[in-house]
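Participant: Sequence:
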Amino acid sequence: MSAMKTRVSYTGINQYVGSTNDLSGCLNDASSFNMTLIETGILRPASLSTSIRTISDKTATAAAMKTNLEWLCGESTDDKQLLIWQYSGHGARYWHSRYNRHVECFCPTDFVNTLQDDPVDDEYVESVLNKVGPNTKAIIWPDCCHSAGVRTTARSAGDSTAEIPSGARYWSGPLPQNHEITQAIRFGGHQTLVIESDDYNIIYLGASQPDQVSLEISRPNNGVQEFRGVFTFEGEELLRRNPKITPRQFAAEIALAVQRAGVSPSTQVPCIYAPAKWLDVPIFHLNW
Numbered sequence: 002m003s004a005m006k007t008r009v010s011y012t013g014i015n016q017y018v019g020s021t022n023d024l025s026g027c028l029n030d031a032s033s034f035n036m037t038l039i040e041t042g043i044l045r046p047a048s049l050s051t052s053i054r055t056i057s058d059k060t061a062t063a064a065a066m067k068t069n070l071e072w073l074c075g076e077s078t079d080d081k082q083l084l085i086w087q088y089s090g091h092g093a094r095y096w097h098s099r100y101n102r103h104v105e106c107f108c109p110t111d112f113v114n115t116l117q118d119d120p121v122d123d124e125y126v127e128s129v130l131n132k133v134g135p136n137t138k139a140i141i142w143p144d145c146c147h148s149a150g151v152r153t154t155a156r157s158a159g160d161s162t163a164e165i166p167s168g169a170r171y172w173s174g175p176l177p178q179n180h181e182i183t184q185a186i187r188f189g190g191h192q193t194l195v196i197e198s199d200d201y202n203i204i205y206l207g208a209s210q211p212d213q214v215s216l217e218i219s220r221p222n223n224g225v226q227e228f229r230g231v232f233t234f235e236g237e238e239l240l241r242r243n244p245k246i247t248p249r250q251f252a253a254e255i256a257l258a259v260q261r262a263g264v265s266p267s268t269q270v271p272c273i274y275a276p277a278k279w280l281d282v283p284i285f286h287l288n289w
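Numbering-wise (the working numbering), the sequence shown opens with residue 2 and increments by one.
Derived by calculation from the structure, the hints in this document are not laboratory data. Some hints could be false.
Claimed, not checked - Below, computed lysine-lysine pairings styled on DSS-like, alpha-carbon distance capped at 27 Å:
1. K6 x K67
2. K67 x K132
3. K6 x K245
4. K81 x K278
5. K6 x K278
6. K59 x K278
7. K59 x K245
8. K81 x K132
9. K132 x K278
10. K81 x K6
11. K67 x K81
12. K245 x K278
Kindly produce the complete structure, drawing on both the sequences and the hints.
Facilitator: Below is the structure:
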């Protein structure tokens, strides 16, 4: 069998065409996330089996974002492959009369001009993620407002819930009896871990709840203050301390880390989606 293929897509958007709502930390997030993956040994960019694409600011259009998502998820193979999609930018939530519900979406740099005709919304993202094959692990890392809502299952979490104890490092309760039923584990009144069917080969690490924002914070870097997304910054810290962190551990620890950074759970609580089969397997483990 040939070496495992690894495909990675980075997207960071600070500047939005036709908008005054530019951001400050998204390019830093994309660059730092890449360095974290390399320094922890998760990513080996010099390997011939590794392919990386990066788009930012003016190049991160709706068309380019869709091209990269489809490049990432659309290729089926008999060999195992690891797919990583990182996004840092704006996220939006709006009422869609045709769907008769709120729609969540990622915001490309030309968001103002493409929202009506070419959105990178939850329906589109779900249709692409559904192409992920059985020999693939896809890790989706969106740091934006409303990011959990882009996984359409966020609107239909199951009735079976458990609360993470205050101060706990991770929740260690039983798996759901029926893996076909989505089970939500909660923190501060919000879902922080959604256990999905084993049919899914996707770990989705969302920075915020469907109705919440995702904040930027200022943090020192080599003596200089720089802006970062609080989710990506704290998530990288968890990865650096433990590159073998599991979805179950990450869900609890990232929720606590964001709170310790000064963000109220009423403002931002991350939400992690993972199939039951990978709940206690390292997120970036290559031999699942």
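Participant: None of the hints should be skipped; say for each whether it holds.
Facilitator: Status of each hint after checking the structure:
| no. | hint | verdict |
| --- | --- | --- |
| 1 | K6 x K67 | holds (21 Å) |
| 2 | K67 x K132 | holds (14 Å) |
| 3 | K6 x K245 | holds (20 Å) |
| 4 | K81 x K278 | holds (16 Å) |
| 5 | K6 x K278 | holds (21 Å) |
| 6 | K59 x K278 | violated (39 Å) |
| 7 | K59 x K245 | violated (35 Å) |
| 8 | K81 x K132 | holds (15 Å) |
| 9 | K132 x K278 | holds (19 Å) |
| 10 | K81 x K6 | holds (7 Å) |
| 11 | K67 x K81 | holds (23 Å) |
| 12 | K245 x K278 | holds (16 Å) |
Hints 6 and 7 from the list above are not met by this structure, while the remaining hints are.
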